[in-house]
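Participant: Using the sequences plus the hints, can you model the full thing?
Protein chains: 2
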Amino acid sequence: MDDFSPHFGTKIPISYICGGINSSHKYFIMARTKEFDEQEVLTKAMTLFWKQGYAATSVQDLVSHLGINRASLYSTFGDKEKLFKKAFEHYHRSNFERVNQFFQNHPDPKEGFNKLFEMAVDESVNDQDMKGCFAVNTTTELVPGNKEMQMVLKGNRKQVENLFYDYLKKGQEAGHITTDKNLKSLAFLLFTFYNGLRVVCKTEPDREELMQSVYTELSLLD
Amino acid sequence: MDDFSPHFGTKIPISYICGGINSSHKYFIMARTKEFDEQEVLTKAMTLFWKQGYAATSVQDLVSHLGINRASLYSTFGDKEKLFKKAFEHYHRSNFERVNQFFQNHPDPKEGFNKLFEMAVDESVNDQDMKGCFAVNTTTELVPGNKEMQMVLKGNRKQVENLFYDYLKKGQEAGHITTDKNLKSLAFLLFTFYNGLRVVCKTEPDREELMQSVYTELSLLD
Numbered sequence: 001m002d003d004f005s006p007h008f009g010t011k012i013p014i015s016y017i018c019g020g021i022n023s024s025h026k027y028f029i030m031a032r033t034k035e036f037d038e039q040e041v042l043t044k045a046m047t048l049f050w051k052q053g054y055a056a057t058s059v060q061d062l063v064s065h066l067g068i069n070r071a072s073l074y075s076t077f078g079d080k081e082k083l084f085k086k087a088f089e090h091y092h093r094s095n096f097e098r099v100n101q102f103f104q105n106h107p108d109p110k111e112g113f114n115k116l117f118e119m120a121v122d123e124s125v126n127d128q129d130m131k132g133c134f135a136v137n138t139t140t141e142l143v144p145g146n147k148e149m150q151m152v153l154k155g156n157r158k159q160v161e162n163l164f165y166d167y168l169k170k171g172q173e174a175g176h177i178t179t180d181k182n183l184k185s186l187a188f189l190l191f192t193f194y195n196g197l198r199v200v201c202k203t204e205p206d207r208e209e210l211m212q213s214v215y216t217e218l219s220l221l222d
Numbered sequence: 001m002d003d004f005s006p007h008f009g010t011k012i013p014i015s016y017i018c019g020g021i022n023s024s025h026k027y028f029i030m031a032r033t034k035e036f037d038e039q040e041v042l043t044k045a046m047t048l049f050w051k052q053g054y055a056a057t058s059v060q061d062l063v064s065h066l067g068i069n070r071a072s073l074y075s076t077f078g079d080k081e082k083l084f085k086k087a088f089e090h091y092h093r094s095n096f097e098r099v100n101q102f103f104q105n106h107p108d109p110k111e112g113f114n115k116l117f118e119m120a121v122d123e124s125v126n127d128q129d130m131k132g133c134f135a136v137n138t139t140t141e142l143v144p145g146n147k148e149m150q151m152v153l154k155g156n157r158k159q160v161e162n163l164f165y166d167y168l169k170k171g172q173e174a175g176h177i178t179t180d181k182n183l184k185s186l187a188f189l190l191f192t193f194y195n196g197l198r199v200v201c202k203t204e205p206d207r208e209e210l211m212q213s214v215y216t217e218l219s220l221l222d
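From first to last, the protein sequence lines are chains A and V. Under the UniProt record's numbering, the first residue of the first sequence carries the number 1, and numbering increases by one thereafter. Under the UniProt record's numbering, the first residue of the second sequence carries the number 1, and numbering increases by one thereafter.
Hints are computed from structural coordinates only; laboratory data are not their basis. Some hints here could point you the wrong way.
Since the list gives no way to pick one copy over another, a pair counts as held whenever it fits inside one copy or between any two copies.
Under the rule of at most 25 Å between Cα atoms (straight-line distance), these lysine-lysine pairs were calculated in the DSS-like manner [to be verified]: (1) 154 with 169; (2) 51 with 85; (3) 51 with 80; (4) 86 with 115; (5) 184 with 110; (6) 115 with 184; (7) 85 with 115.
Keep in mind it's a predicted model, so treat the numbers as computed, not measured.
Facilitator: Rendered as structure tokens:
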């Protein structure tokens, strides 16, 4: 299960922690004279919002990029805000099961987190668009004025924290982590560290410096 | 030196780590028929960009908020991008000396970082605008398409990392930190953690949860 692409496109790298998508779940929507795959269009919208941010992406940008006309866009997805929310939820769902599966294949949480964070670092330093993490970008851009997105982002955090906690707990039960550790706190801390890593990656730090910080952070599991 | 306001306004809280501003350094610019304090206008622009982000802030927003007309804005600061850069640099300079002074008054780095991060948490959870950190917001919003801001943000990171390193080094020399620690790596890690904290604070976590993560992170200095 380590065959996750480090590149961006329709496949979301595992390190962009979110949820699992059922890729067979495709809708074909009749919009005026054009038929299109809603999931494919959502993926394109997600990539554009991810790269440019919410405010900097105009409806015209979406029309030019998604390959559907303005009327189809509105009739299928609603306005820009509604499309953004759907695109984010698409992102949010897309990797949860993959990360879950990844964790199941790495019984030692220290080794698993090390690999997960290393993939995040590599994807970041290799991404010419420097998109960073869509969830982090959305949190910093949209939370102040958007209560609905704030709840979505809070839910995203809780879900990932719980995934991390369950993974640590299972690892502890298997003897990989000592019983004196506060796993709830560690799960929150690792999520916080991951968010920081995704920000700092955008300021061109040295890969070795980034990985050294991962090793030091994970020494908290010793 | 602990009398830093936890509120937002013309005074920037210490935890919004940046540089020191000389508040007596005021310019009075004659722009057409209006005289205004450039620093004061920059502070207003900074607060608006900080709250709304770059793309979501229009020139009309700036004109309405800064109390100067469009012609004065262009003649004094240039276009929106130039004004943003100046506003960010204003932010960047504003607290460096304060943080430096704060560190000098807290010889034990563990105690100092604990207090600094606690102030950041309190300011975040008490800020109704949920602005977060201007440097973090700018990193996630602007880096992909703006090489100049990328260099500014990289410089900001290096400057804060060096400040953290010097503080840790002085603390180590005074016996507060054992000599086996890799201080360069710890300085980078604490900066990364701080960035993550500023993101996560925007998703309404529990204050106790946040502080527990601070305590656990700082146990790396033991």
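Participant: Each hint: holds or not?
Facilitator: Hints and how they fare:
1. 154 with 169: Answer is within; shortest intra-copy Cα gap is 22 Å, inter-copy 37 Å.
2. 51 with 85: Classified as both; 15 Å inside a copy, 21 Å across copies.
3. 51 with 80: The answer is both: 16 Å in one copy and 21 Å across copies each meet 25 Å.
4. 86 with 115: For residue 86 and residue 115, the Cα distance exceeds 25 Å both inside one copy (30 Å) and across copies (40 Å).
5. 184 with 110: both (15 Å within a copy, 23 Å between copies)
6. 115 with 184: both (21 Å within a copy, 23 Å between copies)
7. 85 with 115: neither (30 Å within a copy, 37 Å between copies)
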